[in-house]
Each structure stands twice: as C-alpha cells, then as structure tokens.
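Q: Each chain is listed here by its residues.
There are 8 protein chains.
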Amino acid sequence: MNKTETLDILQKIKNGDISPEDALSKLCTQPFEDLGYAKLDHHRELRKGIPEVIYGTGKSQEQIKGIVKAMLAKGQSLILITRLPLETAEAIKKTLPLYYYETAQIGIIGEIPKPNGIGKIVVATGGTSDIPVAEEAAVTAEVLGNEVVRLYDVGVAGMHRLLSKLNDIIDAQVVISIAGMEGALTSVIGGLVECPVIGVPTSVGYGSSFKGVAALLSMLNSCASGVSVVNIDNGFGAGYLASIINHQKGVK
Amino acid sequence: MNKTETLDILQKIKNGDISPEDALSKLCTQPFEDLGYAKLDHHRELRKGIPEVIYGTGKSQEQIKGIVKAMLAKGQSLILITRLPLETAEAIKKTLPLYYYETAQIGIIGEIPKPNGIGKIVVATGGTSDIPVAEEAAVTAEVLGNEVVRLYDVGVAGMHRLLSKLNDIIDAQVVISIAGMEGALTSVIGGLVECPVIGVPTSVGYGSSFKGVAALLSMLNSCASGVSVVNIDNGFGAGYLASIINHQKGVK
Amino acid sequence: MNKTETLDILQKIKNGDISPEDALSKLCTQPFEDLGYAKLDHHRELRKGIPEVIYGTGKSQEQIKGIVKAMLAKGQSLILITRLPLETAEAIKKTLPLYYYETAQIGIIGEIPKPNGIGKIVVATGGTSDIPVAEEAAVTAEVLGNEVVRLYDVGVAGMHRLLSKLNDIIDAQVVISIAGMEGALTSVIGGLVECPVIGVPTSVGYGSSFKGVAALLSMLNSCASGVSVVNIDNGFGAGYLASIINHQKGVK
Amino acid sequence: MNKTETLDILQKIKNGDISPEDALSKLCTQPFEDLGYAKLDHHRELRKGIPEVIYGTGKSQEQIKGIVKAMLAKGQSLILITRLPLETAEAIKKTLPLYYYETAQIGIIGEIPKPNGIGKIVVATGGTSDIPVAEEAAVTAEVLGNEVVRLYDVGVAGMHRLLSKLNDIIDAQVVISIAGMEGALTSVIGGLVECPVIGVPTSVGYGSSFKGVAALLSMLNSCASGVSVVNIDNGFGAGYLASIINHQKGVK
Amino acid sequence: MNKTETLDILQKIKNGDISPEDALSKLCTQPFEDLGYAKLDHHRELRKGIPEVIYGTGKSQEQIKGIVKAMLAKGQSLILITRLPLETAEAIKKTLPLYYYETAQIGIIGEIPKPNGIGKIVVATGGTSDIPVAEEAAVTAEVLGNEVVRLYDVGVAGMHRLLSKLNDIIDAQVVISIAGMEGALTSVIGGLVECPVIGVPTSVGYGSSFKGVAALLSMLNSCASGVSVVNIDNGFGAGYLASIINHQKGVK
Amino acid sequence: MNKTETLDILQKIKNGDISPEDALSKLCTQPFEDLGYAKLDHHRELRKGIPEVIYGTGKSQEQIKGIVKAMLAKGQSLILITRLPLETAEAIKKTLPLYYYETAQIGIIGEIPKPNGIGKIVVATGGTSDIPVAEEAAVTAEVLGNEVVRLYDVGVAGMHRLLSKLNDIIDAQVVISIAGMEGALTSVIGGLVECPVIGVPTSVGYGSSFKGVAALLSMLNSCASGVSVVNIDNGFGAGYLASIINHQKGVK
Amino acid sequence: MNKTETLDILQKIKNGDISPEDALSKLCTQPFEDLGYAKLDHHRELRKGIPEVIYGTGKSQEQIKGIVKAMLAKGQSLILITRLPLETAEAIKKTLPLYYYETAQIGIIGEIPKPNGIGKIVVATGGTSDIPVAEEAAVTAEVLGNEVVRLYDVGVAGMHRLLSKLNDIIDAQVVISIAGMEGALTSVIGGLVECPVIGVPTSVGYGSSFKGVAALLSMLNSCASGVSVVNIDNGFGAGYLASIINHQKGVK
Amino acid sequence: MNKTETLDILQKIKNGDISPEDALSKLCTQPFEDLGYAKLDHHRELRKGIPEVIYGTGKSQEQIKGIVKAMLAKGQSLILITRLPLETAEAIKKTLPLYYYETAQIGIIGEIPKPNGIGKIVVATGGTSDIPVAEEAAVTAEVLGNEVVRLYDVGVAGMHRLLSKLNDIIDAQVVISIAGMEGALTSVIGGLVECPVIGVPTSVGYGSSFKGVAALLSMLNSCASGVSVVNIDNGFGAGYLASIINHQKGVK
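Chains as they are written, first to last, in the numbering used here: chain A, 1 to 252; chain B, 1 to 252; chain C, 1 to 252; chain D, 1 to 252; chain E, 1 to 252; chain F, 1 to 252; chain G, 1 to 252; chain H, 1 to 252.
Certain hints may be false.
Said to hold, decoys possible - Below, simulated DSSO-like cross-link-like pairs (lysine-lysine); rule was C-alpha separation at most 27 Å, straight line:
1) B:K120 <-> B:K249
2) D:K249 <-> E:K165
3) G:K211 <-> A:K211
4) B:K69 <-> B:K114
5) D:K69 <-> G:K165
Hints in this document: simulated from the structure, not taken from any laboratory.
Looking at chain A on its own, in the form it has when it is part of the complex (with noise of 0.2 Å):
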C-alpha cells in the first residue's frame, strides 16, 4: 500500500466523499483496472517516471497485447516486456510499435531514456553462455536510465582476462555479476571492488551444477563483504536493483 495512495483514501474520507464502510471496502480500489486475468497499476509512470513492467512468461500472447494496450490507453509512455519469446514478440510487432532485444529476450515500447544515475553499471559474466542473462540485466538497467558497462567472457579460469578490466570494474558504481558453473567470478570481483556486487547465479553448466545450484551456493557463501544474490537467471532483477541504487540521491 503506497504511501501517497493512503493519504488519498484517508483524506477523501475526512472530507466526507466516503463513509469509513464504504472506504474500506473501495481502499486501493483507484489505482488499478482488472483484466481479469491481471490487474494493473495505472499511477506510477505519471508518479515517478518509471516504465511498467510486464513479465511475459505464462502469459499468452493476447492477454500480453491486452495488457499494453490498457497501459496505453492509460497513457504509459514507456514498457518493458521480459521473458518475451521471439514468436510472440513478432506477433506483438504487427499491431504495436515493438522493439525487440532477441539475446535478451526483452521487449520494449517507448522511448529509452538518457542514462541519468549517479555513476556506470558493470555487467561481467564468467562465460560466453551466460550472455543472455547478462542482456537481461544490461537492457533492463538501460531502459531504466543507466550507463551500462558490458565486461563479457572474463571468468576465472583465465584470471588476466578479468585483471585486464580492472579498471572499468574499480570505477562501478555497481556490479552485476553474472556466472554459471561455480560461479567464483562473483567473490573474487567482490574481493576486487567495494561497491554494492549483485551476484546472479545462472544455469549454464551440467552434472551436479544443478541447473544454478552450485552458483547460487557459491555466491551466497562469498567470503567477500558487499555481495547480494538475486534467483537464478534473474537478469532482471538484478538490473533493477543496480537501477535503484544507482539513483539513489547520495551524501552532500
């Protein structure tokens, strides 16, 4: 229940629009229209300039349109559909003005904003099959208004790949660690850095990695101080949180 919302209901009540019974049974009942098979929010782009974000995994093509074209109608200038499959994404295409991220798997609709943070987000991934995890993060960070830094390839079997980034790595405002397999990539960089590192584990790797077991294990368990862990192939998530902390507003 969002602060702002709550002082709307309560205030619509003291100046008697609504009776206390009423009131409970309507609280929140403004911000969103229910499709049916979603309810959506309807308020926070015109709040706070943030896309609407829709995650495209278990839902059809059509409740997909349905829902952006409500979001449109609503007047959202800016949304960003994860987990978006290629098929649907060149259905979507011929009715909607899609842009699509065919690595990431991310569609967009709007306009990309100019990177407005505080500093650059890196994205470093141990391997090549880590990629589109990685894009996930990367396009989800840009859309949202950051400098994205993209250190592909540089695991820790080869450690002077790594070393040679040093640089960009040290200059983060946060990294966005990205391994399969083991997944040693994320305590080593946070043993090199000492900005926020959001580890997210990834499924590449066989046997007993267990589809992202061993990595998130690894990650969790990082002796290195500053590292956070997202779910498995949570691209997203963790772009969006490197986003939040890249806004924050900072010391004077």
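Position chains B, C, D, E, F, G and H against the provided structure of chain A, taking the given hints into account.
A: Relative to the frame of chain A, chains B, C, D, E, F, G and H by itself:
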C-alpha cells in the same frame, strides 16, 4: 472400509446368507466393478450425491472412456474428470456428452448442482500464471456444490491489490490461496482471516523456485495460524477439501 | 489488518479526531503494546473469547513472564504457552498460576472452557513416540473449546488396531493424523473417512526418514481426498486449525 | 568371480595346462565374449537354466541385435530384453523371433518355462498408472518360471479394494508392492502379510512426489517388518528378486 | 487384519454370540491389550513361535517395563527389545531376567531357539565402524532361529579380504551386506552370489556421505540383480527379513 | 589486488627500485602482515576510515588477541569482531578495552563514529527469535557510521504491526528484512518500498524450515523488485552492504 | 595471471616501453583477442605445444567458426572442440578441415601428436551406456599426447570381467574410472591399483540415480585411497587431468 | 587382489603345495591377520616402504592399540593414525612411542622419512578455520615423504594475499586447495597453475554452506582444467593422492 458396507456384510453373515469363510474372501467385493485396469465404486453417488471423480493423468483415452461408460451404466449422473488434456476431451466429446473447461483441464458429464454450502469459497492467486491451478480448484468446488469467488493476480508485490479485496476475503468460509514463486500470499492471507486457509503451492517460477518447492516450504512454515497445505499444483485436492469444510453440519 | 480495527481508525478520521497524515503513521498502533522484544495484541480475547497464544521457543524466561504479565494486566483471562520447557514452566509457576502439561510442553493460565464445537476431534498417532506432538494438538484443541478423542499407537503395521477404532474415526468432525517414519496412517485414514483430515508429520524415525521429511512427502502426496498437511511436529497448528473447522457456523 | 569358474582355472594351473603367470592375465577370460561395446557371459544358461538378460536402455538397435545373435550362436535358448522401446522391438522382429510385451516394454526370445517355484508371486499396484512397472515385474517373474497373481489399482484411498483381495495377498510366497505418490500401499501390505514384501516406488505422481522420491522414502521407512525396497520404477529388479526367493530350496 | 482373527470374529457373528452392530465396533479388539501409551498383541507367539518385538527408541524405561510385564503375564516366552540403551538395560535387569547385547543394543528375555532355518545367513560389513548395525542384524536373526556367519571389515578397499571369504558368501541362503561411506560392498557381493542380498546402508562416514545417503543411493542403484535395501542403520529390519526368507517352505 | 597498490609496485619497477623478477615474487607483499595463522591488511583504515573486521568463528581466543594487538600496533583505531562468544569476550576484556554487544555477539574496540550516511537503515524482523541476527546487522551498520531504525516482531501473521510502522519503512534509504520460518516479510516489504531491500533468512523455525532454507528460497523467489539476499543468519553481511549503499556518492 | 606474461609486462615497464598508469589498464591485454562474445588466448600453443580447447555447449555454430578462424589465423595448429553436436560438426566441415568423433562428440582440427607421456592411461567403464563419456575422456587424452587403453563394460555386477583385465589396470599410470548408477567400479579399482584414479560419475541410470548424483556421492565417499572425482559426465576434465599427471617430470 | 600375491598363490598350486579346492577357500588369507574387529595387511611396508594407515574414527582406544601392537609385532616401522582425538592420543602415549599432531589430529609411530618426491606439494587454505583439514593433508604428505609448502589464509576475498604467493603456487608439483564457504579459491588456483589441483571442500561456514556442500559443488563445477575433488574435510585423502602423484616415475 466404509461403515455401512461392513455392517451390510456382517448382517448377511448373521442371516446365514453367507458363510464366514466365504465372507472373508468376498468381503467388500460388491461395491466395485473390476475393469482390469481399474476398480470402480458404483455406490457412492446413490449414497451421498457426490460425483465420481476420474484422475485423468496416466490413463489412456480408451481407459477413460471405459470407466465413464461403466459409471453411466450404473446410473452415475455426475462425473468429474481431472487433468484431462484437450485432445482426449475432444475425442471423448464425439461419443459422450462432455463439457470441457480448458483452463482447468477438467471435463464434466452431467449437471452441476446449485450451490448448497454454508458460505463462499474464495480462490485467490498470486499471479496470472497460477490461474490454471486456481481454475482446477474453482471448478472442482463448483461441481461439488459451492459458490466460488475468484480473486486472481493479488500477490503481495502489490499489496493494495489484495487489500482492495479485503471484504471478499474476510467473508469467506474457506480461502484457497494459490501461489508459486515465494508463496508469501498464503501467509499474508492467513494473517488477515479467521477461517481455514488451504495453501496450494504452484510450480510457477524458475531457478530456485524448484518447481514449487520454495512456495511449498513457505506455506508449510507459515507463521499464521489456520493454514494447511496440499501438494504442488493440487487444485483438485484443495477444491475438494474446501467443499467438505463448506458442507459440514455446523453449530446451531 | 483486521476489519473492525480498520473501520475504527477510518471512523476517527471522519469525525476529525485525527488528521489523515497522522492517521497513516498511527494506523493500527492502538491494538497492541510494544514490549520492545514483542508486540502484543490486547483486544483479541475481549472480541472473540479466544485465548492469546505465546510461542515459547526462542524466548527467554524473562520475556515470557513479561508478555504474560502485560496480557494479564490488560484483562486477558486465558493464555496458552506452547513449546514451554519444564524448567521455564517451573520458574514461571513461582509467581504465576500456571498449569503445565509436561508431555505436550504446554502451559496454561486461566480456565479451560467447556467444549462448544460441532462434534469431536480425533487425534490419532502411528506410534508411541508421536505422543508428544499429539498431546500438543490435543491440549491446544481442548483449550480452544473442543472435545478430543485420543487414539494412540494405531499405525498401519498392525491394521487391526486402527480398524478396532473405526467407529471413533468415522464419527469425527475432524481427524488429526500424526505419524513419523513413513506417515502411511494419514493416507489410510483419509481413505476411510469423509471429514477433513489434517496430517502432522513428526520427526520420529531415523536414517532416511530425514527428521520428518519422509512422512511429510508421504502426506502431501496422499491419494486420498480431504487431506491437508501442516509443518513437521506442528501439533499446535493442527489443533488450532481443527478447532476453527469444528467451530464453523454450518448449514441450516 | 564365480566359484566353479575359479576352481576350473586353478585346476588347469595344477595340471600344468597353463603357467601361473599366464593364468593371472587370462583368469576369467573364458566365460565371456567381447563384442567391443559389451562383454557376454556364454555359460550361465547351460549351468543354471536361467535366461540371459539384456538391459535395453542406452543400447542401439544394432548393439541389441549383435548381442542377441552372439547369444543365440552360443546356444542360449531364452533371452529377456528389458526397457525395449516399441520401435526397436518392431525392427528386431524382422530378423529374429521376438515376442514383445508392449506395456512391460519387454521382449522375449525363446519359450517361457512352466512355473516351477514354491508358491505364487503377487504383484499389486496402488493405481492404474503404476501398471507398466508392474508388468515389467510380472513378465520378468513369469519368464523366470513363476506363477504371478496381478492385483492392480488396490491403493489405500479405497481400502475395501485391497481388503477384497486379502486371500490372494495372504497366500503369496512373495508380494511385490508397486506404488507411486505416497507409497502407503507397501506399508499396509507389510502390516497384513508374513512373507517378504518387495516395495517398488514408481515415478507416478506430480509436485512433491519428486518423481518417486516420496514413495521411495515412504517404503524405506515402513514400520512394517519384512519390507525391502528396490530402485524407483525397477520392476525388473523386483521380479528377479522375487523369483530367487520363490525358488529357494526350503526347509524339509 | 489377520486372516484367522477375522474368521474368528465372523464365526461369532454367525453363531449369534455378537450382533453385527457390536461386531463392527469390537472387530479386532480381542487380540491386543491397550496400555494407554501402547497396544499389545498377545497372541502372536502362541500362534507362530515368534518372539514379540519392542522397538525401544522413544519409549521411557517405565513404558518398556510395563510392556514387558504385560507380555510376560500373557505367557509370552521370548521378547526382543531393540535400540535399548545400556542404562535402560541396567535398570530393567534389576527386576527382570534380561540378557543384554551391548554392541547390538538389544535386550532379550527368554531363551534363544536352536537354528531351524534352511541355511546360513551371512552378515558382512565394509568396515569396523559398521559393526553395531551388523550386530543388531545378527542378534535379531539368531533370536529368530537362524545360524549366522559374521564377516566383518571386508570392504572393497582391500578386495582380497572379501575374496578370502568367498566360500562363506557363496554358501549363504541370504546375505546381509552392511556398509557406510560409498556402500560398494553390496554391489560387489550382489555380483558374486545368486541368493537374495539385503543391503543396509549405515550412517558411518563424514562429509558427503550425508549420514548414510551416499550408501543408500549406491545400494538402490546397484547394477547387480537380487539386491534390495532397507532403511539406513536398520539392522533389525534386515535380520527380520533375512529370517523370513530363511524359513520359507521351499520347493519339494 | 587494489588499484593504488598495484600502481605503487609498478612505479617502483619503473624507477628501478626493484627488478621485474623480484617484483613478481614480492608483488603485494607490503600491505599485510603474516601472523602465520592469518594475514592482516594494515592499510585499509588509514586509506578509507573503515574499521578492520575480524570474523571470530573458528578462531581461538589467542588468535583473536594476536590479531587485535597487531592491528592496534599498526595504528588501527576501530576494530569490529563478529561472532564473538561471551566467554571469549570476557577473556579479551581483561587486557584490551573491548565493548561487547551480547545479543549481537559483536565486540568493538575503539569509538563508534557519528552517523554520516545518506539516510536511515531500517532493520526489521519477523519475530522475536530473529533479534540476534538483527542486532548483528544493526550494530555492524552503526559501527560503520549509519543511523539505524529497529522494527522488531513485525511479521506478516499480524499485518497491522507492520503497517503501523509504514512511515519508518517508506523513509528508509535501505531496508534489511530479517525473517525465519517462511520469510514472507521480505516480499511484503519489497512490495511496499522503492529502496533496496536486503533479505536475511534466519535459521529460526523447525521441521520443514530446514534451518533457514525455506526462508532463503522464499526471499530468492520474491516477486517484488529491488530485493536481494545474503546467506542465512548473515547479519554482518547485510549490515555491511547496507552501509555501502547508504554511503554512496549520489546524484547531484 | 601467468608467470611469464606478468614478467613480460613488468619488463616493458622497466624499459620505459609503457608507463605504470597505462600498464595497469593494459595489464594482460596482449595475450588474448576479444571477439566480443569470447576472449581468446593466442599464445598457449606456441609456448607449450598444447592444443587450444573450445567448449562447444552454449555456443552457436557461427561463434565456434569465428573462434576457430581467429585461432588458425594466429597460427594455432591443433584445436579441440568438445560437446560438439553432429549437425554443427557437419556444418563446420564444409569450410574447415574438421575430424569428428561422433561418440565422443569431439571435433579436431590439426594432427594428433604421437603419445609422449610417461605410461598408459586406462579408461574403464561400468557399462555400455557410459561409453560416450569414456570416449570424450579417451579422445581428449589422445589429442593431448597419451596412449589410451579402453576397458568398457567391466562393471562390478560381473566381477570376472574386471578381473580378466587386471594386468591392464595394474600397469596404468592413471586410471579414469567412469560409471553411472551406483558407481562402485571406482572404489573397486581404487582398491586394486596404486596409481591415481580419477572417478567420473555419469548421468546413466534412472530413478534414485538422480542423473549421476548416486554415482558422484559413491565416488566421493570411496574408502579406497588415491581416488579423486570430477563433475558428472565430465569426460574432458578427466582426460585433461590424466594427461597432466601422465606428463609430469618424474623422480630421477 | 594384488598382482604379486595372486601370482604367489597360483605358483603354490602349480607346485602342488596346495590343492585347487583348498586354494579357493584360502586364496588371499595369508596377507592379513584377523583381529576379529579388523583385518590387517602385514606385508605392505616390507614391499613398498609405505606406512600403514589406521583410520581412527569409530574405533575404540583398545581397538587402536590392538591394531598398532599387531602391526609393530609384524615389523611395521611407520604407522599413521588419522582422526585421532587428543584423549585417545594421550592414553596411547602411555604405552607406545606416539608423536601427536594436535591440529591435524594425527598420531605417528616411527620416523618420518626424508622428502623423496619429484617436487613440492603446496597446501593452500581460504581461511584460518580451514587449517585443521590442511594440517591433516600436510602431515599426511610429509609422513609419506614429501616436501610441503603451507599457504594459509589466502582466500579470494583479499586477492593480493594469494597473488603475493604466486611463485610458490606456480612452482608446485601438486596443489592441494582447501576451502569452505564458497570454495572459490580452488577455481582461482586452477586458473593460475598447470599442475594437478586437488580440491578439498571443508565444512567451515554456516547457513547455506550446508557443511561443505556449497564448496564441494563449487569445486566440482570449476571451469578451470586440471582440478579434481575429494570428500568434504578429507585432508588425508588429498595428502595421500598428492603424494602418489609426486612420486610417480616421470618422463625420461
């Protein structure tokens, strides 16, 4: 071994209609018909007005048809088939009067009874992707004679969506709370209501959701009282249990 | 957020007793007292005749005493303390009128009400070692105003022990089925009765019982309808839920 | 290293037919033929009248044919091929006299012997979906010379179905109890009979059945005596073990 | 429900000694005595010459004494108490003629019968640390009337230790193979013999042995035929099952 | 390898103060002192005003004293010792000016700085038992120069307790959300605020909480954006990360 | 960071060819080429005569081609591509001189060197289904300059098959022991030889083999000395490690 | 079965010193002495100059003494006892010339040989808490005739600590890399060296380290080549394997 049946057998022995030795081997053989691949109870509907249920998974189209026909032949007037794939439903429709709920993957033969329970059953989901499991629960409850209120996409990431439906939730006789990912919805509902809450974890999610395990553990460990849990994706079980609770003879 | 409380707050705003801005920060602050280490609800008993419950684990003797005294000071007449070790109970007894159920590890302050539920709650266990969990469930149910029938050591290894109690089981309003090891008792009872069955896996067993996991999985996968499950060893949760079901207003 | 074979080798050394140095490198090389991808025993049938078994999984159609032909060439008169897919069976049938049990996924070359065991082997399943595993067990036992009684769909959710077959179960020399989901059937049968019970968990189920793990744990923790367990879905292993037990030389 | 008992009850009904209604509630109540905390069968020894077994874990010293006295009062002449700690044994010895096997943690009251099985039971262990479980199995088998051959510390790390005992192993009627750590002993024995092999994983080991899980999985996946498995550390279960197999009426 | 240090070494090589061959073996040897059992950094405080941290677990009292003395000798003015047991703290106090936080199990040598972060860090817990972990986080943050707001026992089972503190939560620069059992608190807070939320699962709970795993999975799968997670019970890690975020140079 | 490379960089700094500031950002940038999706080392073969390895999984056909071409352009004369699917191999063959090992799923460009190791590497498998992993190990070892002896289908279910190859095993410099299911082969070999044994668990098996976990645990817990383990199905890793051991400079 | 021994037995048969029938039952009985609870090899030291190893866990003080005395009586001059608790060591010291390494929990009887391996074995640990496991590895290697270099507390959280020891690591013949928590040290070392790296996960850590499982998985999934892994905390196994590798006859 049902009480009535056992008494029946015992009565026959007393009357000399059957010898004790024969009784042992024949004990309970009356109430079901053996199709070879399945053993059917033919007496339940007559006795209690409850539909017969066929669990569709792992049964061939021919086996399902065979079971349905044997049931109809015995006078069963309402049959509920769960986990019924679209193709099997289409095939059965050609020879039998089946009504098919596609989202719920449930097929019905016969007429759904008027709601005759104590109150309403609320079926709530955390997200859009949980709807198929929710529909399995809701349709099951409806076929068993309950009024169902559907509250979909009210997960805790947007608390106001749930709070806006507070009246429905508080008025429920039973709440079925269905959620994947972290399953927090169930704890939150459990903390708001005073009626029984049945948690249904779903396999919706990715990575460390482990196909419903995260939600399952979350619900089992709910610190709210009045919560119990059924198997992952077990919409039918939740709907069935909710119906039993909603049909109990209560205090005067 | 309880319905009545919320209405109360809203009413005050309307009457001008409180400004919307203040209301937000004070919303819900009335109904509980902040002891620093715990926040107490002081209004539940008055409203619903239900005892206040203190979960004893992880609380020091001093903390428990402090909570009890604050409750008594507010007029609470019945207090239930679960997971209360013998030594703590002995210490509390010195200054407070505590009655202690040693096997159940439950302490009671106040008078247990007369049974006022719809029917009887059966508490069944697979073996002798499950009795502590069973007593936690049984005493909880009794304190909440239920008549309890105890059927202990009726596990499926000796089927006749269970069948000899068939009448008790069939007459139950709710059955709490408590078992460790393989937990088959719950499925068997679920196949015999038509009322709700609450499965409580216990940590009794060794080796691959994995401290209750085998029983938990067994119960979650029960092929019998009407079964739901609570956490391993959660006798209190089962007793509480059974009491809610046994006190529902029923069909006319 | 079989006793008879070892004595044979040793005898040859003593007779000077072979030097000790050579014996070491040749020890045991006689009894099998090396096809490169597999090493065949060619002496078992002659010695004990037991069919040779080919485990079909992971072997190509050509490999299976090669093994069968080498066996036939050596005079093997009965061959059992497990986990044989329909297509491979069809292909083999073109050149070899194979009889195929489709549900059991077993192919047989040669004539099934008359039952020559001590008593009967009962193969019981909890549900209809467990039948393929049950047929693997039953056909295996039949090919090895046993009379088999099939009791399918007698799970504990409808106890009377099992009790109606009590005579069959009590008369068994060995019971193979096959169940998925919660696997309670095995404990219940273990509590009813006094002969060895072999539990076979199946991967039937969903959600927290974890592809047979719930049933496996349930059976391993059975509180009934006389129960042991084989791997999930291992119908062959159960049928083979049951046959050994049913062919033991017994007390006079 | 035992066949003989059931026939007995049914006979009484026929004779009019009992009404069907009463029969239902009294069905099977005769054969056991209810001590409150336990329900005792008093008829087994008379019927089959088999000792009564008390599972000591989770029972207080007083409960065990109570059960033993009730059994002796009914004429039971041989009682086996498993998982009996030394201190409890010492206390019981003061008033009852108990013989205590310290390594096996088994107490016996009465006289161990002469071996009357078909052949010998071999109890083999991988290491020295597995001996307590092995002794539980061996003593159980001896009390049940079997000749037992103990082969301890014959693990596969020193293959010649096992091979030196080949004659004993090949002559066995049943082999109980007990091992912790990787449990390979069971597969190796399974590959050497043609009799039933009962695997008992033990909780011996450290790290990734996971208290017996590594050995359990190893045994369940044994590629040798004729192997089945009981719970981790379940020496009693293995001894009991081996005895059943060793006492079967065999082929003429 | 810190940027400044590396540049330093490289500069020396260029100046001819050190040969390349020697440089390699001496690279980075300056900044720490080798105590044999530990390698100390002696330059951090001087460079950045950050206290040195000693992780107390697995270190003997003598080792901790040795490390502290070496640090003080080098001029370190603020030392934080985590996971310090009471007894060790008492012993250290005898010779060193240690201040000990018993609940947090943290020892401090030196003076805690004035808060100099951007905003406030909120530390919230689900229950009373989570307080030790919360205090570890809170004291860590305070020692690192942050203002901390403690909100304890605000779990979702009583939603109004959390909502009553809404203002504190919404005003936070970072929220550390600490919960055991099902960990739903973190998702709910994540759905209410727009700042970074650091989830700390605790090992509080029993049965299927699996010592924090249920809470960990719940938090990793949170459907709320802006949430990341640290290891179970890792209060220090959360406090440290929160401090980094709260001290970032922000947008102008 | 390789010793030689580091010295090289340091030398350049000393010679004034590069400033320290530039050196830091350029440190290690020479030895690899950045293709965007991958970073290639171009100096290894020249230095050590070792082939460059491309891990094929998760790389597109175009990416693999790009990497190969860049390597050839730099003068790399031997390239090993692992986990290369047949179709990708066929496509690459059209433009590049690739030799493809279908069973091993390995592609080679260049000429395989003559064996130049200390002794022979034995690659042994438990069954026929383990052969693909074994071939990955064997071909890897051959490409790296080793003589390989293949012993396939020598699992412990038929001990004489293994014993017949005793001479080969005892003569090995290293044994790679590859097995699925229960993985007992590795312990047995470990008990027979005195050279290093590398265990490779395979995902062969079903049910509780859990795709290689049973074999992995079995091997990790091997009671035989000299055994170590690599990841499930990691034939390449085993072949590579065996080659290192087989090429060590040994005692004089 | 050792090659030399087998040849010996076979030779005796050929010479007529033993009949084949007797040979089978006596095969391999010579080389060990049966103490009842353990079977001792008495020929290893004489043949290969390797100390006899006693695994202390799970053996009583009396058993260890008995084994040591039997070994000394047979002329064994060097005995290594692992996992030997301080108290047992103190007791043994009273009658036997034992030298005890307290941190390593290893007892030695006899004189440690001069290092006679190819090169040096580096034993590296991530932290201070890993030292006991490291000492078990280091002392084992020393007793087996190796020069050991200890690098403790060089974990990746402070990369410069590891890099400062680069020369030692690069010069190693074998590296034993020991780490708990996330175990990243092993991957990093594997990426720096070209010799075999043996990873030893330790049970150091808390929460989701799961007593070494996180480190174990991390090491198994290492993307660096040349890495293999032993059981959690298995310092002995690592030291033993490293010694074998360090004593191999090498290329000319």
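Q: Each hint: holds or not?
A: Evaluation of the provided hints:
| no. | hint | in the structure |
| --- | --- | --- |
| 1 | B:K120 <-> B:K249 | 15 Å, holds |
| 2 | D:K249 <-> E:K165 | 23 Å, holds |
| 3 | G:K211 <-> A:K211 | 12 Å, holds |
| 4 | B:K69 <-> B:K114 | 25 Å, holds |
| 5 | D:K69 <-> G:K165 | 25 Å, holds |
Taken one by one, the earlier hints all hold for this structure without exception.
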